[in-house]
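Enquirer: Each chain, letter by letter, is given below.
2 protein chains.
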Amino acid sequence: MVYNFAAGPSVLPQEALLKAQAELLDYAGSGMSVMELTHRGKEFTAIIEHAEETLRELMHIPDNYQVLFLQGGASTQFTMVPLNLAVGKKAYYVESGSFGKKAFTEAVKLSHFIPFEPISLGSTESQNYNHLVQFDASEIDSDAAYVHVTLNNTIEGTTIYELPDTNGVPLVGDMSSDILAFDYEVEKFALIYAGAQKNIGPAGMTVVIVRNDLLTDKEILSSMMDYRILAKNHSLYNTPPTFGIYMSDLVFEWVKAQGGVKAMAEKNLKKSALLYEYIDSTEFYKSPVINKNERSLCNIPFSCGDKVKDDKFIEQADRAGFKNIKGHRSVGGMRASLYNAFPFEGVEALVDFMKKFEEENDL
Amino acid sequence: MVYNFAAGPSVLPQEALLKAQAELLDYAGSGMSVMELTHRGKEFTAIIEHAEETLRELMHIPDNYQVLFLQGGASTQFTMVPLNLAVGKKAYYVESGSFGKKAFTEAVKLSHFIPFEPISLGSTESQNYNHLVQFDASEIDSDAAYVHVTLNNTIEGTTIYELPDTNGVPLVGDMSSDILAFDYEVEKFALIYAGAQKNIGPAGMTVVIVRNDLLTDKEILSSMMDYRILAKNHSLYNTPPTFGIYMSDLVFEWVKAQGGVKAMAEKNLKKSALLYEYIDSTEFYKSPVINKNERSLCNIPFSCGDKVKDDKFIEQADRAGFKNIKGHRSVGGMRASLYNAFPFEGVEALVDFMKKFEEENDL
Numbered sequence: 001m002v003y004n005f006a007a008g009p010s011v012l013p014q015e016a017l018l019k020a021q022a023e024l025l026d027y028a029g030s031g032m033s034v035m036e037l038t039h040r041g042k043e044f045t046a047i048i049e050h051a052e053e054t055l056r057e058l059m060h061i062p063d064n065y066q067v068l069f070l071q072g073g074a075s076t077q078f079t080m081v082p083l084n085l086a087v088g089k090k091a092y093y094v095e096s097g098s099f100g101k102k103a104f105t106e107a108v109k110l111s112h113f114i115p116f117e118p119i120s121l122g123s124t125e126s127q128n129y130n131h132l133v134q135f136d137a138s139e140i141d142s143d144a145a146y147v148h149v150t151l152n153n154t155i156e157g158t159t160i161y162e163l164p165d166t167n168g169v170p171l172v173g174d175m176s177s178d179i180l181a182f183d184y185e186v187e188k189f190a191l192i193y194a195g196a197q198k199n200i201g202p203a204g205m206t207v208v209i210v211r212n213d214l215l216t217d218k219e220i221l222s223s224m225m226d227y228r229i230l231a232k233n234h235s236l237y238n239t240p241p242t243f244g245i246y247m248s249d250l251v252f253e254w255v256k257a258q259g260g261v262k263a264m265a266e267k268n269l270k271k272s273a274l275l276y277e278y279i280d281s282t283e284f285y286k287s288p289v290i291n292k293n294e295r296s297l298c299n300i301p302f303s304c305g306d307k308v309k310d311d312k313f314i315e316q317a318d319r320a321g322f323k324n325i326k327g328h329r330s331v332g333g334m335r336a337s338l339y340n341a342f343p344f345e346g347v348e349a350l351v352d353f354m355k356k357f358e359e360e361n362d363l
Numbered sequence: 001m002v003y004n005f006a007a008g009p010s011v012l013p014q015e016a017l018l019k020a021q022a023e024l025l026d027y028a029g030s031g032m033s034v035m036e037l038t039h040r041g042k043e044f045t046a047i048i049e050h051a052e053e054t055l056r057e058l059m060h061i062p063d064n065y066q067v068l069f070l071q072g073g074a075s076t077q078f079t080m081v082p083l084n085l086a087v088g089k090k091a092y093y094v095e096s097g098s099f100g101k102k103a104f105t106e107a108v109k110l111s112h113f114i115p116f117e118p119i120s121l122g123s124t125e126s127q128n129y130n131h132l133v134q135f136d137a138s139e140i141d142s143d144a145a146y147v148h149v150t151l152n153n154t155i156e157g158t159t160i161y162e163l164p165d166t167n168g169v170p171l172v173g174d175m176s177s178d179i180l181a182f183d184y185e186v187e188k189f190a191l192i193y194a195g196a197q198k199n200i201g202p203a204g205m206t207v208v209i210v211r212n213d214l215l216t217d218k219e220i221l222s223s224m225m226d227y228r229i230l231a232k233n234h235s236l237y238n239t240p241p242t243f244g245i246y247m248s249d250l251v252f253e254w255v256k257a258q259g260g261v262k263a264m265a266e267k268n269l270k271k272s273a274l275l276y277e278y279i280d281s282t283e284f285y286k287s288p289v290i291n292k293n294e295r296s297l298c299n300i301p302f303s304c305g306d307k308v309k310d311d312k313f314i315e316q317a318d319r320a321g322f323k324n325i326k327g328h329r330s331v332g333g334m335r336a337s338l339y340n341a342f343p344f345e346g347v348e349a350l351v352d353f354m355k356k357f358e359e360e361n362d363l
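Protein sequences appear in the order of chains A and B.
Residue 27 in UniProt numbering sits at position 27 of the first sequence, and the numbers go up by one each step.
Residue 216 in UniProt numbering sits at position 216 of the second sequence, and the numbers go up by one each step.
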């Protein structure tokens, strides 16, 4: 028995894995593996349609939004978002973590080739992103293409729970690490994107949810980066990551069986609260996040405040079955990623282990 | 028992699927599914390194070539190739099939934004791509960035067996449908790319093999499209399609166990010869490909020359377990895709079925 605290790819629901295993060589009596199904056939058509339908239901996605299943991860969206939405306009970025900075950096790079103006609304990099950027809506030109935010900072362990005032400018959200884990209102966004490998399914699939009025008919430099073309082809402009979409569909069904996104969010808040309460109750462990109301429900960095002790913790934890608990090198210490499929018992077991480690090492 | 003639995604080796099934919930005693492994951990590092090593061995890839495992399919390479290689130069395209045309069309689209000159060396579209384009090396400016060819035309059923004279200009090959199925010499190419979903593994992974001297340090508009950045990060610039790479590794091992690429090519030539010989022996079935020496070893279109009979054939074949044998709508009729994992017995069974169908319908 192990508990997998990886930040992504990460733990998946056992129910989904067991179903995939059972039908891996023969999907629904077809005599073929899901991996062998043509993406234009009736079996896969049913899978992708069911996946979209279930995700729409789970996230209450309105009809005037497209749901796309793409490739390339959030990193590809860093380019696709401005390429499709920002040409000739201003685009604002909030840099509250490493991925927010990457999104902005990629936009700046693109702006060397395509005319638009990426603008940073602030960065907390000099404080190692230990809190979220605050900005005033009056700083935002109301003609801008969008304001881009990272909803959960996977590396630094912060979450935006209340969406910012953008002065009426469309909001674009990188929801990679808390999609289906926190109950955001899709209507508040013009575009949402998320890599699958945390709360959705295996790595290699990206969900994009985009409001129809953002799909312009301007030419985009690559068909594979053109939301309009991808939407028109219902994510089948080229061969999609079929197995990833199938696994995601199994996970969507699992989330539904768990009571939906609101129920998942409640469970996640309980899981993270258990760990935060323990961290707050002792001087031995510290959270690098300075504002309690910004602490992530999905990624919880902590440290003994001492590299030698942290290394010892990580090594002993690994041997005890607490896998991938080492923090990102830019933050150091430990990180417990508690995505949807991570069980409550795993957090209880971790807290017990932390207590024991504290007793043995608080000299 | 079914035989899956799909053009991609398509049949995979049973041995690879069985191994994946056996260890789907516990990879190598890790207590985790391959899908749950972090891409930075020791287990996945071993998988991706082994996959690269085995592919290098199978294709005899020299040390001065990078091997990249990417996302986005061949369609994304249609943009990445000129973006990385052609800026400020001429780039030639050979349009002997639908995908060759797509590659050229995407290059033309990109050239509206990035300065380079895509030039067609000819097209056989007006003859429904029933033969390969012939061109003279003297047409090619020796300063050009590259000549792009599609090695196997999946839809139309032709293959380039002898590589063209390019007047010393680097050759770029889309090898999506015959990588590992025909024994090309990698040294003859400057860059090779291939979507995985035919001879490598599940859809959602793309192999790119690129010679080091083609990686310039010019800025590319997106990091995710920059071969140099992707190579520098050993395909881990962002989260790669981990499960797809794992499955590909299992397939590479299987190809090795079959005797390698030369042995696969021999088997493929035998499989396709059996079907071509039968088609040639009767007036009832026709191949749309006019030159016998250009007929594909992977994708074999054929027809009864009559839509009513073709539809009847497809329907009866499907009921008899010959799946996905309907031809592409642009060619019509039937298509038997006989990739590496397709068994010889399946071709024998198909020929038997075709004989029976002919007897019953040759009125």
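None of these hints come from the bench; they were simulated from the model.
Be aware that one or more of the hints could be misleading.
[What the hints assert, rightly or not] If we take Cβ atoms under 10 Å as the criterion, some of the chain B residues that face chain A in the derived model are: (1) Val2; (2) Leu12; (3) Gly31; (4) Thr38; (5) His50; (6) Thr76; (7) Met80; (8) Phe116; (9) Asn167; (10) Thr206; (11) Gly321; (12) Asn324; (13) Phe353.
Just so you know, these numbers come straight off a predicted model, no measurement behind them.
Glycine included, every Cβ here is placed at the ideal spot set by N, Cα and C.
Enquirer: Look at each hint and say if it fits the structure.
Expert: Results of checking the hints against the structure:
Evaluation of the valine 2 of chain B hint against chain A yields a held restraint, the C-beta minimum of about 4 Å falling below 10 Å. Below 10 Å, beta-carbon pairs count as interface contacts, and leucine 12 of chain B has one with chain A at about 6 Å; its hint therefore holds. Taken as an interface hint, glycine 31 of chain B checks out: its beta carbon lies about 4 Å from the nearest beta carbon of chain A, inside 10 Å. The interface hint given for threonine 38 of chain B is met, as the beta carbon of that residue sits about 4 Å from the closest beta carbon of chain A, less than 10 Å.
Here the hint on histidine 50 of chain B is broken, as its CB sits about 18 Å from the closest CB of chain A, past 10 Å. Taken as an interface hint, threonine 76 of chain B checks out: its beta carbon lies about 5 Å from the nearest beta carbon of chain A, inside 10 Å. Against a cut-off of 10 Å between C-beta atoms, the interface hint on methionine 80 of chain B holds, since the closest Cβ of chain A lies about 9 Å away. Using the Cβ-Cβ criterion of 10 Å, the hint placing phenylalanine 116 of chain B at the interface with chain A is not satisfied: the shortest such distance is roughly 12 Å.
Residue-level restraint check for asparagine 167 of chain B is violated (minimum Cβ-Cβ distance to chain A is 28 Å; threshold 10 Å). With 10 Å as the threshold, the beta carbon of threonine 206 of chain B comes within range of chain A, its nearest partner Cβ sitting at about 9 Å, so the hint holds. The beta carbon of glycine 321 of chain B comes within 7 Å of a beta carbon in chain A, closer than 10 Å, and the hint placing it at the interface holds. For asparagine 324 of chain B, the shortest C-beta to C-beta distance to chain A is roughly 5 Å, which falls under 10 Å, so the interface hint holds.
Given hint, phenylalanine 353 of chain B at the interface with chain A, is violated; its Cβ is 16 Å from that chain's nearest Cβ, farther than 10 Å.
Against the hints set out earlier in the document, violations occur for numbers 5, 8, 9 and 13.
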